[in-house]
Structures are given as structure tokens and as C-alpha cells.
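Novice: Residue strings, one per chain:
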Amino acid sequence: MKPMSCEHESGVIRALHSGEWSGELRRHAAECPDCTQALQLAEALGEAARRAEAGFQAPDAHWIWQQSRRRSREIAVRRVTRLLAAMRALAAVYVAAAALWLLRGSAALQYREVASSMHGVSAGFALMGTMVAAVCVVAGLWPILRDSSEAS
Amino acid sequence: MEDARMIAAWIAPGREQTAAGEEEGFRRLYEATSRSLWGYLQHASGRPDVADDLLQETYCKFLLRQAPSMDEAESRSYLFRIATNLLHNRFRSRDDAALEEPAECGAQTDEETRLDVQAAMRHLKPRERELLWLAYVEGMSHAEIAAATGLGAMSIRILLYRTRQKASTLLRPERIKS
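Taken in sequence, the protein lines are chains A and B.
Using my numbering, read the first sequence as starting at 1 and increasing by one per residue.
Using my numbering, read the second sequence as starting at 1 and increasing by one per residue.
No wet-lab data here; the hints were simulated from the structure.
Just so you know, these numbers come straight off a predicted model, no measurement behind them.
Hints are not guaranteed to be accurate.
Chain B stretches covered by chain A per the calculated footprint, using a threshold of three residues with CB under 8 Å from any CB of chain A [said to hold, decoys possible]: (1) 30-41; (2) 60-66; (3) 116-127; (4) 130-139; (5) 160-168.
The C-beta atom is built at its ideal place from N, Cα and C for all residues, glycine as well.
With the sequences and hints as input, model every part of the structure.
Specialist: The following block contains the structure:
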């Protein structure tokens, strides 16, 4: 059989804290060994709590507020930094792709096939590369512009 | 009532308050809860310096996670939950013995009750200290304790019963009769 406390124990402890005792609850607490033990323990712990808390010097609430704001800003900066790193990686891929395309273009120039190389697939790649570059630049500038506008 | 109104206004959804107003709401919540939260952390960890650290950390985390629809009672319960999680992280990341050393402050006093309680608390496991404190000092219901500790609501009653028996035998028999 599992050991269980008296079902009135919570009510007795609540009454101890609130000071609102019903006659019936007070009589029960006096007669029930479980509740008596719980009451005595609560009083001993409460006394220890009052004594410990008397020496408590609360840190300044404003300081904690400032700390949380600072941490919040740090989290925002870390988030933006991750975005910028991703944009940088994307830009590096773009540069590599552009370099390959230019090499191909210069080879075509050597063989006087510039016009044909700038049509069709190559022109499509060039346009896509330009768009990716534009997206990278805008995405990179956006958080910086937003932060500077918030700061001002 | 003024405190409750300010706190409720601060944590109400869709608030459009100035930063100063929000800070004032936080200040009132802090003043209403910091003392009891520190007492909990101090007795559960057994170390005032750890309690100081964790108290600040608790409020910082609370502010960062600002749950918009909480009333004052829920905020208080949430603060105790954050504090309990931080205590557990501390117990896991450090040597438990270091957290169970006798507290320096008050160790020289001849106040019997305090020494008895401190001595008894040192012999209890961290989880047992938490349960005792939340139930008998904070006066939390079993459901509130379950929310604060992450334990199952059904197991709180039996755990609390065992912990109370253990604490009662550890405390001086003339104060706590088992």
C-alpha cells in the first residue's frame, strides 16, 4: 500500500499562510497526526525563511532590466550575424560561378564565339547571377539599415 | 491591488506601453516575488551566492521569454519553474557536494530553529528541498508544484509525504513530533 498524506493537508497549509481558518479545519488539524506534523514543519520552515530573507539584499530591478535588454540585443545581433554569414557564403558561391562563366566567356572570345555564348543558356545564367547578387546585397543591407534606423 | 493592476497591465496581450511603463511593471513584479524566490533558491541550493546568481538569471530569462497572456499568479509560478530548471542545470553542471556545503551566512548563530532547519535541509536531496519549500513555505498546491518542478501531478502527493517524514525525523524531535 502506498503511503499517502491526509487529503486536508493542502487546505491546512493554505489556512496557515492566509490565516483563514474554519473551525472544522482547525479541529481537524489539531487531531490529525499528518496535518499536525505538516503544520509544525511548515512553521519551522517558515521561520527559517523569514530569518534568511531578512538578510536578503535584492539586486536593483533596473540593473536586471538593463541586463535583459542587453542580452536581448546580443541575441538579435547573433541572429543577424548568422544571416550575414549565410549571405556571405551565398555570395562566395556566386563569385565562383561568375568566375567560371567569365573563363568560359573569355575562351569563347578567343575563338570569336562571343555572340553565340551570350545567347540562350549563358544569358540566362548571367541574369540569374545578377539577381542572386542583388538579393544578397539587399538581404545583407536590410538588417544594417534597420538597426541604424532603430538606433536613430 | 495597485501592484496587481500594474503587473497585469504589463503582461497583458497587445500592450502598447512605453519602455518606462514596462520597466515599472517589471519592478513591481520583482519586488513582489524576489524575496521569496531568493529564499527558495537559497534553501534549495544551500548557498546564498548561488541563490544571488540564479535569482538574476531567473529574472533575465523571464524577461527574455515574456509570455504575453500570464497573470500575476502565472508569472510567479513561471518564475519558480525557471528557477527550478536553473537549479537543476547547476546541479548537473557542477559537483553536487559543492552546492550542499553548509551555508556560511547564519552558521554562527545560536538560533536553534534555524540550525535545525539548515542541518535537516543539508541531509535532503535537492529535489526534496524543492518540494518541501514549495509546499510548506510557498504554500503551493500539488498542481502548482508539478508545474514548477516538472514532476507528474499524481506523484507529488506521495513524494511530498515521504519527504515530510524524512524531514521530520531529521529535525529536532521536540520541535517536530513524528
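Novice: Please flag the earlier hints that this structure goes against, numbers listed from lowest up.
Specialist: As far as the earlier hints go, not one is violated by this structure.
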